[in-house]
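Residue numbers (this note's numbering), protein chains in the order written: chain A, 44 to 297; chain B, 44 to 297; chain C, 44 to 297; chain D, 44 to 297; chain E, 44 to 297; chain F, 44 to 297; chain G, 44 to 297; chain H, 44 to 297.
Honestly, I wouldn't trust all of these hints.
[Claimed, not checked] When the alpha-carbon atoms are kept at most 25 Å apart in a straight line, the in silico BS3-like pairs for lysine-lysine are as follows:
(1) G:193 x F:292
(2) C:61 x H:292
(3) C:193 x B:292
(4) C:135 x C:163
(5) H:163 x C:51
(6) H:163 x A:292
(7) F:193 x G:292
(8) C:61 x H:163
(9) D:193 x E:292
(10) F:163 x A:61
(11) H:51 x A:292
(12) G:163 x F:163
(13) E:292 x B:51
(14) D:51 x G:51
(15) F:292 x G:292
(16) B:61 x B:51
(17) H:292 x A:193
These aren't lab readings, by the way, just hints derived from the structure by calculation.
There are 8 protein chains.
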Amino acid sequence: MDIEKIRKLLEDVRAGEKGIEDAVLELRRLPYDDLGFAKVDHHRRLRRGFPEVIYCPGKALEHIVEIMRNLSEKECNILATRAEPYVFEAVKKVLPDAEYHALARCIVINRDRRRRGLGKILIITAGTADLPVAEEAALTAELMGSSVDKLYDAGVAGIHRLLGNRDMLDEANVIVVVAGMEGALASVVGGLVRVPVIAVPTSVGYGANFQGLAPLLTMLNSCASGVAVVNIDNGFGAGYMAALINMTKEEALK
Amino acid sequence: MDIEKIRKLLEDVRAGEKGIEDAVLELRRLPYDDLGFAKVDHHRRLRRGFPEVIYCPGKALEHIVEIMRNLSEKECNILATRAEPYVFEAVKKVLPDAEYHALARCIVINRDRRRRGLGKILIITAGTADLPVAEEAALTAELMGSSVDKLYDAGVAGIHRLLGNRDMLDEANVIVVVAGMEGALASVVGGLVRVPVIAVPTSVGYGANFQGLAPLLTMLNSCASGVAVVNIDNGFGAGYMAALINMTKEEALK
Amino acid sequence: MDIEKIRKLLEDVRAGEKGIEDAVLELRRLPYDDLGFAKVDHHRRLRRGFPEVIYCPGKALEHIVEIMRNLSEKECNILATRAEPYVFEAVKKVLPDAEYHALARCIVINRDRRRRGLGKILIITAGTADLPVAEEAALTAELMGSSVDKLYDAGVAGIHRLLGNRDMLDEANVIVVVAGMEGALASVVGGLVRVPVIAVPTSVGYGANFQGLAPLLTMLNSCASGVAVVNIDNGFGAGYMAALINMTKEEALK
Amino acid sequence: MDIEKIRKLLEDVRAGEKGIEDAVLELRRLPYDDLGFAKVDHHRRLRRGFPEVIYCPGKALEHIVEIMRNLSEKECNILATRAEPYVFEAVKKVLPDAEYHALARCIVINRDRRRRGLGKILIITAGTADLPVAEEAALTAELMGSSVDKLYDAGVAGIHRLLGNRDMLDEANVIVVVAGMEGALASVVGGLVRVPVIAVPTSVGYGANFQGLAPLLTMLNSCASGVAVVNIDNGFGAGYMAALINMTKEEALK
Amino acid sequence: MDIEKIRKLLEDVRAGEKGIEDAVLELRRLPYDDLGFAKVDHHRRLRRGFPEVIYCPGKALEHIVEIMRNLSEKECNILATRAEPYVFEAVKKVLPDAEYHALARCIVINRDRRRRGLGKILIITAGTADLPVAEEAALTAELMGSSVDKLYDAGVAGIHRLLGNRDMLDEANVIVVVAGMEGALASVVGGLVRVPVIAVPTSVGYGANFQGLAPLLTMLNSCASGVAVVNIDNGFGAGYMAALINMTKEEALK
Amino acid sequence: MDIEKIRKLLEDVRAGEKGIEDAVLELRRLPYDDLGFAKVDHHRRLRRGFPEVIYCPGKALEHIVEIMRNLSEKECNILATRAEPYVFEAVKKVLPDAEYHALARCIVINRDRRRRGLGKILIITAGTADLPVAEEAALTAELMGSSVDKLYDAGVAGIHRLLGNRDMLDEANVIVVVAGMEGALASVVGGLVRVPVIAVPTSVGYGANFQGLAPLLTMLNSCASGVAVVNIDNGFGAGYMAALINMTKEEALK
Amino acid sequence: MDIEKIRKLLEDVRAGEKGIEDAVLELRRLPYDDLGFAKVDHHRRLRRGFPEVIYCPGKALEHIVEIMRNLSEKECNILATRAEPYVFEAVKKVLPDAEYHALARCIVINRDRRRRGLGKILIITAGTADLPVAEEAALTAELMGSSVDKLYDAGVAGIHRLLGNRDMLDEANVIVVVAGMEGALASVVGGLVRVPVIAVPTSVGYGANFQGLAPLLTMLNSCASGVAVVNIDNGFGAGYMAALINMTKEEALK
Amino acid sequence: MDIEKIRKLLEDVRAGEKGIEDAVLELRRLPYDDLGFAKVDHHRRLRRGFPEVIYCPGKALEHIVEIMRNLSEKECNILATRAEPYVFEAVKKVLPDAEYHALARCIVINRDRRRRGLGKILIITAGTADLPVAEEAALTAELMGSSVDKLYDAGVAGIHRLLGNRDMLDEANVIVVVAGMEGALASVVGGLVRVPVIAVPTSVGYGANFQGLAPLLTMLNSCASGVAVVNIDNGFGAGYMAALINMTKEEALK
């Protein structure tokens, strides 16, 4: 898959510097560490521009700690999402430079703070209850090298709060809209700007919100084009997508 | 139930002018015509302020014609919704003053054109494909005596089309918002005005509109208060509700 | 948007009393306080007839307290819904005239007790378990200046409880129907009256109630016209809509 | 399973009148005719009190004809539901005493017209569009020997049409309620009577009826007890259940 | 509604023994006690054959106690469903003859133990985890005067457990089938008997049981006729329906 | 991926018989024909034991013909599913040995009729309307070399039709159960046998079948273990899975 | 049903060694122990190849213990799934050779450790959070005599972790794929192998996973054939199905 | 909103070159043409980088023609989606340079063919039946100035068709994945690349595809990050989003 590596290997085989069985082995092996319960994908940064991210729910505490420790040996910036405080306590002991962001429920190790990207990411929320998801998005995008602006509590029930900050919208290179209830904010923002909008539905609202189903459908059906959607409450996914859009393909591998 | 009528009846019984069995019968009878296949509810205008309305789908042609003929003997204004052109052809023969509104798919007999109501009803659509539903709402409200204004194709993808007509919004006494796709328009309008908003989701849109489910959920979850919702594509219901809100209780029975 | 204000501003600019950059700024600014985590919408009462209402779930305690404090400086009547008792304890410390309504789970500050509206709002529940939602509706409508009557536990399983109170129905100017289980009460009430009915489905009932989905669909499909629906368990929304219908547009801004 | 038959068979074996292999075979065989594409269940009337009924959709025309012909050899009363007119044309040729009920979409052969049952079945519909389902129910119940009364178009939008026929309700031994839209009629009827109510949701109505899902949920959640539900538009199932309730177990096998 | 009562009243009016206004009042009043938070329906036993039943969830403790106390003054047999042990503790203090059935989660007062009904009700469960629902059904039916048999843990995964008890099926006059997982038992039982089957889906099972949705749909779609369905986990509703079927209309009012 | 092929290629490179760029190319190329609109996967039989199958809906007629022609050059047995008769007409012209199975809606080319597999596959249907799906399954399994037995119309409404054919169940090595309505047959069969059961829900039935959703959920929730499920109406998928189970891994590649 | 047994019984009757009534009884009795609350199905191992398995949720502790004790008297290998630690504590007291597998939440008694089956079962998970379900599958299959291999955390986000273990796939006789999130792994594995794949969706993931609905639909719609699906989180069901596929019908009864 | 325009206007007012009422008017007017049935949004290209696009379903033919004619006066590139051939026939008459793309069901006017954007967009489909959606996406992106590459029929059932074209993936700047059935392709592509992936679910597949719901949920739950989703079958939306990502903000307004 890595053409250069394959070419080099073939030259080594031709030159007799590498045995055939070794070559077979190498051709079938890609760089990951097998911890038994997990295969830590060290190839991911090379391939995708950012190391594997740890989604904590459902994982045993010792597994999370071990995966983070293993990643931290080879990577600069590491992210664990949906982490409870007790997880951070355990991680902190083996990785003293880990930090905890309580509102975003994230553990981060942020060693490489170089900026990348063509411009700024703007994160907008409809309400105050959408902040945890928004902060997760912001943290993710910053860890990937993007600059982030925030415009919180600008829902359409008081649309002047959005229209009055029109310049923030115009300055952004990518916009993330985080909204629960009916999620109408995504369409309205989408109709105002000339940059991509990533919409994140949240599970905030009365009964017929159905844990985020209502804003999810709203956002998928946006009458404004230039809007694409990620999973309910998935701040991480939105921040990741926004950062990816914000950088060139070349920057992605720097 | 009709206190005065009961009081009169009791006085007649006391005065010996009415036999007991007759009184029992009357006390249990309310004014409707039983056609066998249908019970035409002539009491409805007295009770509710507007005669029974005929929803055509699933009814046999001869039944529709007979019900309209029966109603037309005692009522001024009559409405049949979701009527195909061939239904109108048959009705026209027995009721020459019936009119057909093709876009709204309605047959109307409009003999009493007196205006009632505190103000105007404004009907807004998000797009051009929402017109049939909007026209059904307009026709219903007008038949009930309300004045109607229209602001069509003012969806949030180009929000200046709405904001630029802010005065129409301010002049309305009740607003009906008809929208498909994601239905965000209802929330935005709701956030701008101080009058009740009746929201009608339509089944217009791409796959995840799910025949109107998406805008239905959007409208039910409106972050702006003062928004209530009727059934998918139910222009009649919205026009009826708006007309009811627009008149006083006393006008309703005039 | 506020034409008079724009006109005055332009006159000031022409008269040289206001600099151009100042005018630009003013034209883009609308009255809200930016607390960082929230934009308190002081314009809302002007625009919509009632100040911003605080929906507590998902908001940090200190945020709720700060928003209420900020609102209380400029507004008379304030409402916080779905507030747990500990929220009230914290609010009470900074706003001594705040009151707590336990059954409705609301905190209210009620300084302006003037009545507004054309008539009375009647709130009907199908059962006793629907009381919290009904009380939230009542409290909201009263805070907005409407008089409220209550007819509780009048579900269709014993329809004489409803029919025997027919005069309460006839006296109402707007009716709010709160019902769980199958929510049939809304259609029955709708079929009896000549005033608008706002229906609120509740999440009360056995399994196939599906957290309020069953009565929600029932109410949206009401065979009686003149019924519109708000979100599941959303007593606040119903009370707000009813109060809006109950007053004239002019009263709304008093 | 048929104890007497097993006992007799064992006695025959003991007496040497039946060989063991024959007995094995008999013990494993129950009376049905295997047509290859269908196994006509001639045991059903013995076991269940009514012969197998043919649900036509999805079956080949020649299969329907052959099954009916086969049944007619051993049974008196035969029913084919959801039959298009062309099916009847084909059946008529081989079974001249077959009749077609167009509204109910049923083919019947009705040779045994004896009445069975403790009383009458009352079939109520909410509207005129529910008639095809109601007629299917009536036909089924009559074919099984029950007497049927009908009260059509008595929906809750004009509840006096129901209350004014209270004596029909009181005379019934079982009631079938057929309703589309929101299906509230089932709960209202359930709350008025002391006999079992079988509720049939129909797919009649605006968008959020969702092909009968709305009245189905309504009926399942009925706040009145004594209501049980059959499938959407399943008039046959309701008529069958009602007839079963209306007869004694002993009558069922007559 | 009560013809005799109306007739007597009219005679009293004619005889001058009752004033007109009194008569008006009586004609509009039906027997229920208004406790403010609840309208206790004392007419229900007369009308429906069994007093009002208290569904406890969502009701305040003092309300439950007061309703039970109020009912116990005029009724013999009283039932409160879904009652937690602490509810019973409170009820016990004011109604010493109340009993608690822990598995069924019911409080009962059982003063009239006369048997009514044409035969026996058989309650079958598919598994052991369906017992609470089944016991609620059994208790309800017994309180209404029916005899009840039980066949527990006879699911189709080991169908001989059902077929081996064929005589219990044959002896029953009505059958209640309680099943979670896929709920196939209802169809199988329905195919074997000649009496009505009431099916109760339960919320027992793996993920795609979706809290009882899977067996609910199974039972509604039963290929065997003579099966009708009540709400998920609604043992009370099934027991009530079965008892109603099991007695004659006349017995219902004894 | 094909280790031997890689080993050979590396040996050729070492021996200088193959240039490095050629090797790079080969290592990245797998055998498929790129027709532009389609990539015909000639590797599939090697990898999976059966050639690519053409699912016709949504494909242009000329594309289907071209894909079949291309496949027929290298494969013996070819299958096109959900093919309308006009598709067959077009295919027949270029592939004269193609056959059409109308009930199963399939086009087959069956050149290799060798039998493979450990035993027989038994295909059971609940009703006659399930035949098209069952026949698709049978045809697929036979084309893959399995012997197929059929037991049609053996639904649980007349369970003796199933129990009376117990020996067919006992002789099967794999069983496919095809059922619509409520789909209970899968659980019942699953509870009787010691071989794997593949369940196929069909979209046959009344309204709450919801196009196959009801039997799908039934089968997924089967209380009998040893049952796995394929897509609604997917006879092909069931036949494929059954044939795969019926043969050894080694046979699969013969 | 057991032909040999029936034949023997008939011979005994003929020989006069067995009385008719005894024979009747035996013919209707199959081997299960009736504990009242449960019918322990001792026939199941004979009929299906593995004894009844205890699904613990919803069952009373004493019932679980009693069922296990009863089973352990006649069976070698016993399995109780979804067992909390306190259940094991109670079981351990009466069955000292019971073992607890905490990750799989299973209690097992494993007395017969003979291997059966044509090859190996490979269990693959997409992530680390899928381990509990995977371990339940593994335990079940091993208890039934199959050899199990494991490839954990090989999801498609890093597909080289799967492709790099291609030989494990090739060695397997049956594959179980356990995946949450979107569940795409099942299709990818299905496309690579020539053996049956059993797919298990898990409830792991963000909001729109909807407790496993997303991967459930994914797996049912697999574009790769040879994939069948079991219930959400149902590791037991997958392990059982895989073991059944892995053995011959004859081995199943050993 | 357009700061420069406002500034200029204010300077004109100050200079007395513009009257106050004129300025008020201009400040409230934004450039759209009101056709009565539609408000053609000529501001959209300025604001969003591409003119309004016409979604044809539900619009009257004369409306479509008129909107296109109106747009064509001021815009270079115009797009009408989901256009039936007869629509094109009518458009062609008034706009002779309009072209029809039958597979994509689009009418385009393509006068400005300048390329914009940082790189190429790659459009991948899982199957051949996904082509109409993919072609709509391609056409949209090209009309907006992007270069487009296509990789069709590369679904995961034959993953070598994807992996063998790894270089196409590596060359793309944005990737659009179009897939029906289970939609797994989006996750697999997402896991391989370092650029944003826009996923489009299609309604292609067997029953449990549920008109695109299955791949929609799959794509929203993608375990690979960097994937965002648009509406079912919405090729236009995907092409638009991809083109937006592919260009700089500045290019968007060129």
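| query | Taking each numbered hint in turn, which are not upheld by the structure, reported in ascending numerical order? | reply | Structure breaks hints 2, 4, 5, 8, 10, 11 and 13.
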